[in-house]
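K.L.:
Residue numbers (full-length UniProt numbering), protein chains in the order written: chain A, 1 to 118; chain B, 1 to 118.
It should be emphasised that the hints constitute simulated quantities derived from the structure, not laboratory data. Hints are supplied without guarantee of correctness; some may be wrong.
All copies of an identical chain are treated as equivalent in the list; a pair is satisfied when it fits inside any one copy or across any two copies.
[Claimed, not checked] No more than 20 angstroms apart at the CA atoms, straight line, and that leaves these computed lysine to aspartate or glutamate pairs for EDC-like: (1) K7 - D104; (2) K111 - E30; (3) K35 - D104; (4) K60 - D21; (5) K7 - D52; (6) K60 - E39; (7) K7 - E110; (8) K75 - D22; (9) K95 - E118; (10) K7 - E106; (11) K60 - E118; (12) K35 - D67; (13) K7 - D22.
So the chains spell out like this:
Protein chains: 2
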Amino acid sequence: MRIPILKLSHYLLVSVQVELDDQTALQFQEDLLNKIHNEGSLGVVIDLTSVDMIDSFIAKVLGDVVDMSGLMGAKVVLTGIQPAVAITLIDMGIKMQNVETALDLEQGLEKLQLELEE
Amino acid sequence: MRIPILKLSHYLLVSVQVELDDQTALQFQEDLLNKIHNEGSLGVVIDLTSVDMIDSFIAKVLGDVVDMSGLMGAKVVLTGIQPAVAITLIDMGIKMQNVETALDLEQGLEKLQLELEE
Numbered sequence: 001m002r003i004p005i006l007k008l009s010h011y012l013l014v015s016v017q018v019e020l021d022d023q024t025a026l027q028f029q030e031d032l033l034n035k036i037h038n039e040g041s042l043g044v045v046i047d048l049t050s051v052d053m054i055d056s057f058i059a060k061v062l063g064d065v066v067d068m069s070g071l072m073g074a075k076v077v078l079t080g081i082q083p084a085v086a087i088t089l090i091d092m093g094i095k096m097q098n099v100e101t102a103l104d105l106e107q108g109l110e111k112l113q114l115e116l117e118e
Numbered sequence: 001m002r003i004p005i006l007k008l009s010h011y012l013l014v015s016v017q018v019e020l021d022d023q024t025a026l027q028f029q030e031d032l033l034n035k036i037h038n039e040g041s042l043g044v045v046i047d048l049t050s051v052d053m054i055d056s057f058i059a060k061v062l063g064d065v066v067d068m069s070g071l072m073g074a075k076v077v078l079t080g081i082q083p084a085v086a087i088t089l090i091d092m093g094i095k096m097q098n099v100e101t102a103l104d105l106e107q108g109l110e111k112l113q114l115e116l117e118e
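Just chain A, same shape as in the assembly:
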């Protein structure tokens, strides 16, 4: 199972609408980084609205994806983080520094555009 990554102009959009098991999360990490490289993307919006909860492994992978994308030059905005997901991320000590958050995909995209125009 692969999570689809949509290209829209200089950005990539991802909406996670499946349960994230370990294999899916790692595959997503690899796919996203490859796509950033191939498309020369400036930013990524990852929408987690449909994700009810995550375990510690997925939390780490998510944190890694944000850091890795940043290293490659793509700004990440996470959107729709639910309470249980926020709790797991903070409990795990994953501070998500340098990552913007927003309420939904649309606002995430706007935030990305504003940031990159600066």
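Chain B: place on chain A using the hints.
P.N.:
Showing chain B alone in chain A's frame:
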């Protein structure tokens, strides 16, 4: 397996990146129509870039989805149709009248915005 449907402002974005078997296609049809209804969407972009070929059943479902969405008041733009897909659609007598097409997701979204501004 469900195909994720992303909501962006008044539009829905779909990028089909899995092989469309009969069950997946019918589930997609149902999900999309429900989402159009729930979100009050004005338009839908369905990106078929990753779809190499379709069989006659999937071609019919796709044609139906376009017609049904139109009935519900949402304009559909199909993008990234590959040669084999175009051949199957026409061979099946599915003319896709009233449906706009575009090269990729971005151009599809632009087309939709232009049309709806008119």
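K.L.:
State for each hint whether it applies.
P.N.:
These are the hints, each one checked on the structure:
no.	hint	result
1	K7 - D104	both (17 angstroms within a copy, 9 angstroms between copies)
2	K111 - E30	neither (25 angstroms within a copy, 32 angstroms between copies)
3	K35 - D104	between (22 angstroms within a copy, 16 angstroms between copies)
4	K60 - D21	within (13 angstroms within a copy, 34 angstroms between copies)
5	K7 - D52	between (25 angstroms within a copy, 18 angstroms between copies)
6	K60 - E39	neither (25 angstroms within a copy, 33 angstroms between copies)
7	K7 - E110	both (15 angstroms within a copy, 14 angstroms between copies)
8	K75 - D22	neither (24 angstroms within a copy, 38 angstroms between copies)
9	K95 - E118	neither (24 angstroms within a copy, 46 angstroms between copies)
10	K7 - E106	both (14 angstroms within a copy, 8 angstroms between copies)
11	K60 - E118	neither (30 angstroms within a copy, 47 angstroms between copies)
12	K35 - D67	within (16 angstroms within a copy, 33 angstroms between copies)
13	K7 - D22	neither (24 angstroms within a copy, 26 angstroms between copies)
Hint compliance for this structure: hints 2, 6, 8, 9, 11, 13 are broken, all remaining hints hold.
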